[in-house]
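Kindly produce the complete structure, drawing on both the sequences and the hints.
Number of protein chains: 2
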Amino acid sequence: MEIKVVHQIMEWNEDVSDEVKKKLTEKRVCLVNVMGSPGAGKTSLITSVIKQLSETLSIGVIEGDIAGAIDAEKMKALGVPVVQLNTDGACHIEAMSIQHILPDFDLDKLDVIFVENIGNLVCPAEFNIGEDIRIALLSIPEGDDKVEKYPLMFRTTDALVLNKYDMISYFDFDELRVTQNAQAINPDISIFNVSNKSGDGLNSFNAWLRSRIEEKINA
Amino acid sequence: MEIKVVHQIMEWNEDVSDEVKKKLTEKRVCLVNVMGSPGAGKTSLITSVIKQLSETLSIGVIEGDIAGAIDAEKMKALGVPVVQLNTDGACHIEAMSIQHILPDFDLDKLDVIFVENIGNLVCPAEFNIGEDIRIALLSIPEGDDKVEKYPLMFRTTDALVLNKYDMISYFDFDELRVTQNAQAINPDISIFNVSNKSGDGLNSFNAWLRSRIEEKINA
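Respectively, the protein sequence lines represent chains A and B. In terms of this note's numbering, the first sequence has 1200 at position 205, counting the first letter as 1, and numbering is strictly consecutive. In terms of this note's numbering, the second sequence has 1053 at position 58, counting the first letter as 1, and numbering is strictly consecutive.
Calculated from the structure, these hints are not laboratory results. Owing to the predicted nature of the structure, the values given are computational and were not obtained by experimental measurement. Mixed in with the good hints, there may be bad ones.
[Stated by the list, open to error] In silico lysine to any residue, SDA-like type, Cα no more than 20 Å apart, as pairs:
{"no.": "1", "chain 1": "A", "residue 1": "Lys1192", "chain 2": "B", "residue 2": "Ile1163"}
{"no.": "2", "chain 1": "B", "residue 1": "Lys1022", "chain 2": "B", "residue 2": "Thr1042"}
{"no.": "3", "chain 1": "B", "residue 1": "Lys1016", "chain 2": "B", "residue 2": "Asp1140"}
{"no.": "4", "chain 1": "A", "residue 1": "Lys1071", "chain 2": "A", "residue 2": "Leu1105"}
{"no.": "5", "chain 1": "B", "residue 1": "Lys1069", "chain 2": "A", "residue 2": "Asp1167"}
{"no.": "6", "chain 1": "A", "residue 1": "Lys1192", "chain 2": "B", "residue 2": "Lys1022"}
{"no.": "7", "chain 1": "A", "residue 1": "Lys1192", "chain 2": "A", "residue 2": "Glu1009"}
{"no.": "8", "chain 1": "B", "residue 1": "Lys1071", "chain 2": "A", "residue 2": "Asp1140"}
{"no.": "9", "chain 1": "A", "residue 1": "Lys1017", "chain 2": "A", "residue 2": "Asp1140"}
{"no.": "10", "chain 1": "A", "residue 1": "Lys1192", "chain 2": "B", "residue 2": "Asp1140"}
{"no.": "11", "chain 1": "A", "residue 1": "Lys1192", "chain 2": "B", "residue 2": "Ser1164"}
{"no.": "12", "chain 1": "B", "residue 1": "Lys1192", "chain 2": "A", "residue 2": "Phe1168"}
{"no.": "13", "chain 1": "B", "residue 1": "Lys1071", "chain 2": "B", "residue 2": "Met1091"}
[Stated by the list, open to error] Label-pair distances were calculated between CB atoms; the ranges are:
{"no.": "14", "chain 1": "A", "residue 1": "Lys1022", "chain 2": "B", "residue 2": "Ser1199", "range": "54 to 60 Å"}
{"no.": "15", "chain 1": "A", "residue 1": "Ala1062", "chain 2": "B", "residue 2": "Trp1007", "range": "39 to 45 Å"}
{"no.": "16", "chain 1": "B", "residue 1": "Ile1180", "chain 2": "A", "residue 2": "Asn1198", "range": "39 to 45 Å"}
{"no.": "17", "chain 1": "B", "residue 1": "Tyr1165", "chain 2": "A", "residue 2": "Ala1214", "range": "39 to 45 Å"}
[As the list claims (entries may be wrong)] So these bits of chain B aren't anywhere near chain A, every CB distance computed over 10 Å:
{"no.": "18", "residue": "Lys1017"}
{"no.": "19", "residue": "Asp1060"}
{"no.": "20", "residue": "Glu1137"}
{"no.": "21", "residue": "Asp1140"}
{"no.": "22", "residue": "Asp1195"}
Built from N, CA and C at the ideal position, the CB exists for glycine as well.
This is how it looks when you write it as structure tokens:
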């Protein structure tokens, strides 16, 4: 019985995800779903991306958190429109929440909306939210076995950002193990080594991301 | 409707959790639920604990993972009985799984079973599994805002282990913020600074844990 119920909820989520995607395609807005563990650096990455891309792209942000508005305050300080989504205990964002929030944005004026998902390597990967692009962060301190342990996250993402890459000499992290495991289950994955602290790797990641966003909004 | 179904599943889980606890109390076995983000260091902590406590306590391990058996292999190498529980996508362990696994152990010969939960700061905290002791790990690289963002995990735990404490000088981590926020929502919480790499803090944590386990099995 339990499995059947979950299935129903997820089918409903898929329908709404399609509606969100259709609406955003009409408005030529690209939705980017940013996922990773608690503390992997999602907020810092989105902040860096906004600083580099906001000269040419008009950006909005949906900040997902179980509770609180710590990260939304950081985004607001950058001058971009931001909505805080509190899931009140739920471990992932569902498409219904995104659909509910979209009217809070002026979609005619936006090119891209970044969604910072709940810090979690499991459930967010199971729920499409109408996104065009998925980004999965894995930070070096988390360890090199995460692709094997949480395969769905890394199989369904467009990009893998190995974040806090400046810390690699302090941890016993086998980079080849991660990249080979990721490519084995997801041959088209783009992998970037990034340090938000030093800024290394951000140019390359942002160039890829800009190109993917422009593909969508100019289609 | 969605909320009602989740409630039903969780009530069922509570009933089974009570049954597991009753069974283990009869057998004088203590169950320890170890939780934390992916890469927080749960496996390393359990490994260190086994090495220190196995001289006087008879220990078993249930290794929870979405997929794979990487960590169970590590435990097996320590010579303790271990069962690998694969949740096949689920983001937490439920009491039903523990109940199903218990017959695989010789409970008359065990003092304590450690359960390594799925790497996740959200859902595991919502599901009791018959445990006597909860341990939540937070590693320094994850950042100092996690108690505010994932309050249930830190409100319901007996101990907070600040792991990878040897890395604190490399990260912008406000320790006081974490400890004050944790104590505000959980006044009885015990907090330990631990480095599994250097071994610092392990004696103090293990002394606390041994005393809590003995309280249970000698009750």
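Taking the hints in turn, this is what the structure says about them:
1. A C-alpha spacing of about 15 Å is found between lysine 1192/A and isoleucine 1163/B, which places the hinted pair at or below 20 Å, so the restraint holds.
2. Taken as a hint, the lysine 1022/B and threonine 1042/B pair is broken in the structure, with Cα atoms around 24 Å apart against an allowance of 20 Å.
3. Only pairs whose Cα atoms come within 20 Å are accepted, and lysine 1016/B paired with aspartate 1140/B is rejected, the gap being roughly 33 Å.
4. Using a Cα cut-off of 20 Å, the hinted pair lysine 1071/A and leucine 1105/A holds, with the two alpha carbons roughly 16 Å apart.
5. A threshold of 20 Å between alpha carbons decides the hint, and for lysine 1069/B with aspartate 1167/A the separation of about 16 Å falls inside it, so the pair holds.
6. Distance hint between lysine 1192/A and lysine 1022/B is unfulfilled; the C-alpha atoms sit about 52 Å from each other, more than 20 Å.
7. Annotation: proposed proximity of lysine 1192/A to glutamate 1009/A is violated, straight-line Cα distance about 37 Å (limit 20 Å).
8. Distance check on the hinted pair: lysine 1071/B and aspartate 1140/A sit about 18 Å apart at the alpha-carbon level, within 20 Å; holds.
9. About 37 Å separates the Cα atoms of lysine 1017/A and aspartate 1140/A, which puts this hinted pair outside 20 Å; it is violated.
10. Simply put, lysine 1192/A and aspartate 1140/B have alpha-carbon atoms about 18 Å apart, close enough for the 20 Å limit, and the pair holds.
11. Restraint check: the Cα-Cα separation between lysine 1192/A and serine 1164/B comes to about 14 Å, which is no more than 20 Å; the hinted pair holds.
12. Taken as a hint, the lysine 1192/B and phenylalanine 1168/A pair is honoured in the structure, with Cα atoms around 14 Å apart against an allowance of 20 Å.
13. For the hint linking lysine 1071/B to methionine 1091/B, the alpha-carbon distance of about 24 Å lies beyond 20 Å, and the restraint is violated.
14. At about 57 Å, the beta-carbon gap between lysine 1022/A and serine 1199/B stays in the expected band of 54 to 60 Å.
15. Restraint check, alanine 1062/A to tryptophan 1007/B: a C-beta distance of roughly 26 Å breaks the suggested window 39 to 45 Å.
16. Checked against the hint of 39 to 45 Å, the C-beta distance between isoleucine 1180/B and asparagine 1198/A comes to roughly 41 Å, which is consistent with it.
17. Between tyrosine 1165/B and alanine 1214/A the CB atoms are about 43 Å apart, so this pair conforms to the stated range of 39 to 45 Å.
18. With a cut of 10 Å on Cβ distances, lysine 1017/B stays outside the contact zone with chain A, its closest approach being about 23 Å.
19. With a minimum CB-CB distance of about 6 Å to chain A, aspartate 1060/B fails to clear the 10 Å threshold, and the non-interface call is violated.
20. Not every CB of chain A is more than 10 Å from the CB of glutamate 1137/B (nearest about 3 Å), against its label as outside the interface.
21. Look at aspartate 1140/B: its CB is around 6 Å from the nearest CB on chain A, not clear of 10 Å, so calling it non-interface is violated.
22. Non-interface status of aspartate 1195/B relative to chain A is upheld: no Cβ of that chain comes within 10 Å, the nearest being about 16 Å off.
This entry does not satisfy hints 2, 3, 6, 7, 9, 13, 15, 19, 20 and 21, going by the numbered hints stated previously.
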